[in-house]
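Protein chains in written order, with the working numbering: chain A, 1 to 318; chain B, 1001 to 1551.
Calculated directly from the structure, the hints in this document are not laboratory data.
Honestly, I wouldn't trust all of these hints.
Claimed, not checked - With the Cβ distance kept under 10 Å, some of the chain B side facing chain A (calculated, not the full set): (1) Ala-1150; (2) Asn-1161; (3) Ala-1262; (4) Lys-1268; (5) Thr-1425; (6) Thr-1432.
Unchecked claim - Okay, the calculated bits of chain A under chain B, using three or more residues with CB under 8 Å as the criterion: (7) 159 to 166; (8) 265 to 279.
As the list claims (entries may be wrong) - In silico negatives: residues of chain B with every beta carbon more than 10 Å from chain A: (9) Glu-1108; (10) Thr-1116; (11) Ser-1117; (12) Arg-1123; (13) Ser-1178; (14) Glu-1251; (15) Glu-1391.
For glycine and all other residues, C-beta sits at the position ideal for the given N, C-alpha and C.
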Amino acid sequence: MTTLRRVLGKLGALLLTLFLASLLVFFSRFLVPGDPLRFLLRGRKPSPEAIAEVSAQYGLDLPPWQQYINWITGVLHGDFGRSLQYRQDVSTVIGERIPVTLGLVIIAGTIIAIVGLISGTIAALNKGRVLDRGILIGLTVLGAIPSFVGAIVLIAVFAVQLGWFPSFGSGEGFIDGIYHLILPSTALALVFVVLVGKVTRSSMVDQLGREHVEVATSRGLKRGTVIRRHVFRNAIGPILTVSGLLVAGLLVASSIVESAFGLAGMGSLLVQSVDRLDFPVVQAIVLLIVTAFVSVNAVIDICEPLIDPRAAAGADAR
Amino acid sequence: MTAQHPPAQRARRRARIAVATGVSALLALTACTAAEPEKASDVSFELTDATPAPSGELDSFTWSSYSEPYSLDYAYAFDYADNQVLANVCEPLLRLNADYTLTPALAESFAHPTPTSWVYTIRDGVKFHDGTVLTPADVVASFNRHLDPAVGSSWYSVFQNVVSIEQTGDRDVTVTTSIPDSQFNLAMGGSAGVVESAASLESIGADYGNSTGGVNCTGPFSLTEWKSGESITLTRFDDYWDKDLMAKSAEVEFIFMGDPNARVNSWKSGEVDGGWMVPLDAIAQLRGSSVGDVYFGMNTAVNDLIVSDTDGPLADPNVRKALLMAIDRKGLISAAYQGIGTTTDALTTESVWVDASKAALDTAFGGLEEYPYDLDAAKKLIDEAGVAGEEIVVATAPLGTDFSVIAQTTVAAAQAIGLKARIETFTPSSYTTLFSDPSAREGIDLFYTVWYLSSPDPLEMYGVLRTGEFSNYGNWSNPEYDAIVNEAVAIEDPAARSEKTAEAQLIANDQLPWLPLSESPVTLFMGKRITGVAPSINFLYYPWAATIGAS
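The shape of chain A in the complex, shown without the other chains (with noise of 0.2 Å):
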């Protein structure tokens, strides 16, 4: 009963969480300066005419209250209005640059847990060792080397040098797509390594010292079973929480990446909509963006106790 209504309390908080984000995102862009109208029309002289009709066509006659009843109403209908400079239904623009972005989002995630996890277990069954400590300055080096360097770095050396990898493009169907995104995932997955790897690390040396890992190493259980049972299992909270959090890095810092390799995604997409004053796709993505990072640590919130119990009744049961 206690799971079911804490479930429930999760939704609760999180369609709440959502509609004050949504009023946040539609809002904000009466703040920015500059009429939309006037980008549509892209400085040319109009005819007053042509300016009234365009201002009906995109609803920006109305008071901005009615504007957000129409646009949240379209939104739950899955309708993100239209693009004002694509001329295309808001959810067509995006439509076709999720899966970008997501195989980056998906390969850069591999990337970071695979090597995260690895290193920073390494690191902590070696703790104060030179391994430890190659590994950390390993780790931090990546971590301080920002995504557009990276790529940067990455093209010159792979693409252009090499000629291993295509510097940009996404690429036609689902192996050539992934040959595409490999570089660009790396370069974006850099930074985020360091923090798993750390976290890992700082996390499985916490459990390495507790009691009950030591009670069970001279219990006599082999030395794999202690860290997979003991360490790994109760290790994983603080890695899983980080993880929520890279979600929403990913995605934000994505567009970085995707620029420089010429990436149609959702990021490059943004950056672009915001320069090019195109409120419904900035609108969309934002509230997409916030959806995504909400709800996976919603689930991350809801799944804990499932893999470690004691999360579920409160860290005084320890």
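Given the coordinates of chain A, assemble chain B onto it according to the supplied hints.
Frame of chain A, contents of chain B only:
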């Protein structure tokens, strides 16, 4: 009228914007990327009017564009990104050649039977990409869209004097204007004159011209795929009417690459075969490499400082003259454009004076007042005008090296002659509002633009500066000038018209409503694999990709 604003790029943020405005164009902005030109090593350049003829056909080639087209709807194609693709897919009534002459295209001939009517005879046997045949009804439907307020056409100003567009014979379409308008016909070689299938316009509706709806035109290539945000693929149209311009490549792929480094990398690695508007700081390395060559072609653009407040300290023409004389324009070309350009005192390039008489050209360019770099003379003018100590504001935006260099140079020049001056930095998108929104220009005295002409007539430029015109950003007003320009617009004979236009050019040169700085050529990169295009700014309206074949 014409013109556009091309996109511009922030140096570092990689974000691009397409700034479209009235009659202008911020031309090679794209070109200007991050490199700071502290040690400007000038690039030598020479104009070419053609590249070597191709030796054969190609299966396909790839081309990079700094930006995705907003739309391939001719009514909205108002920018480099839109027009360089559209020009190969959709055709206007007339054809704007590399030397800026106009010749018949979808109209096999045209007549001007009365001062207020233009009659176009539509070519027989032209097919749209879907196989249907071009008729005068398609012309009528296509043109009427410019007058439809619900469409909000970017080319409305071309049609502003149009009263009616009607089919007046088996193959004739007559356009009637309210006043004699020589400029209407001259715009028929640009996107304003494009003809689309009436049936397709009707059936595709609101999605016409976007990546979902596509277009159905008569050009040497048809649009076969538009991967939103990434690329556009064109395929040769085998039923194309003009056998001389049959595409030499079966396919062309346009790849959108906002990042100038990404564009240069894709050329250097051979992944992309070419592109217009080469990032200026990459020219030296591209020329030094074995991957291809950089060409410089005919342009119609002038780099100007627009005087956006003719009531402030710059109200007195002598103050404007003083400011221009205080700017070291040769140094500016080195710093802002890597030396690729020449100074000018006119607001038009000679290249747009296509049908001008010799007398007109002599007047227009021979009679120009020159404003050489002369601080002492400039200071004297400032003292005489009694404006020393007054403040001017120069608007800029992080759109490229040229923007920052020009803003800083202008401020330094103003300070050197006793004015106060400061820079106001706009975001790229808010900078574009300077061109469209009078309230955005309040408190701003000067802003930079690259302004190109889309029709072969310098009058296009001078029409903009008439009292009350939308793009007369400083509300400059000179009744004598207005009368001359209005008279010129009504003159049908190009030579006679050019003589009137020359008078307008001299007034603008004397009064300096805008400060002309320099001219820059169009830049083009082509990889080793391909050749055959004529480098010229007509790439915005002419099916240039059809001429590219194997080298």
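Hints, one by one, checked against the model:
A cut of 10 Å between beta carbons decides the hint on Ala-1150 of chain B: the least distance to chain A is about 5 Å, and the hint holds. Among the interface hints, the one on Asn-1161 of chain B is violated; its C-beta lies about 12 Å from the nearest C-beta in chain A, farther than the 10 Å criterion. Because the beta carbon of Ala-1262 of chain B sits about 5 Å from the nearest beta carbon in chain A, less than 10 Å, this interface hint is met. Taking 10 Å as the C-beta cut-off, the interface hint given for Lys-1268 of chain B holds, the closest approach to chain A being about 6 Å.
Annotation: interface hint on Thr-1425 of chain B violated; nearest CB of chain A at approximately 13 Å, more than 10 Å. Satisfaction of the interface hint for Thr-1432 of chain B is found here, the shortest Cβ-Cβ separation to chain A being roughly 6 Å, below the 10 Å cut-off. Counting residues of the segment 159 to 166 of chain A whose beta-carbon sits less than 8 Å from any beta-carbon of chain B gives 4, enough to reach three: the coverage restraint holds. With 9 residues carrying a beta carbon less than 8 Å from a beta carbon of chain B, the segment 265 to 279 of chain A meets the three-residue requirement, and the given coverage holds.
Every Cβ of chain A is farther than 10 Å from the Cβ of Glu-1108 of chain B; the closest lies at roughly 30 Å, confirming the non-interface assignment. At roughly 20 Å from the closest C-beta of chain A, the C-beta of Thr-1116 of chain B stays outside 10 Å, upholding its exclusion from the interface. No beta-carbon of chain A is positioned within 10 Å of the beta-carbon of Ser-1117 of chain B; the least distance is around 22 Å. Against the 10 Å criterion, Arg-1123 of chain B stays outside the reach of chain A, whose nearest CB is about 29 Å from its own CB.
Ser-1178 of chain B, annotated as away from the interface, keeps every beta carbon of chain A farther than 10 Å; the closest lies near 14 Å. Against chain A, the non-interface label of Glu-1251 of chain B holds: every CB pair exceeds 10 Å, the least being about 14 Å. No beta-carbon of chain A comes within 10 Å of the beta-carbon of Glu-1391 of chain B; the shortest separation is about 23 Å.
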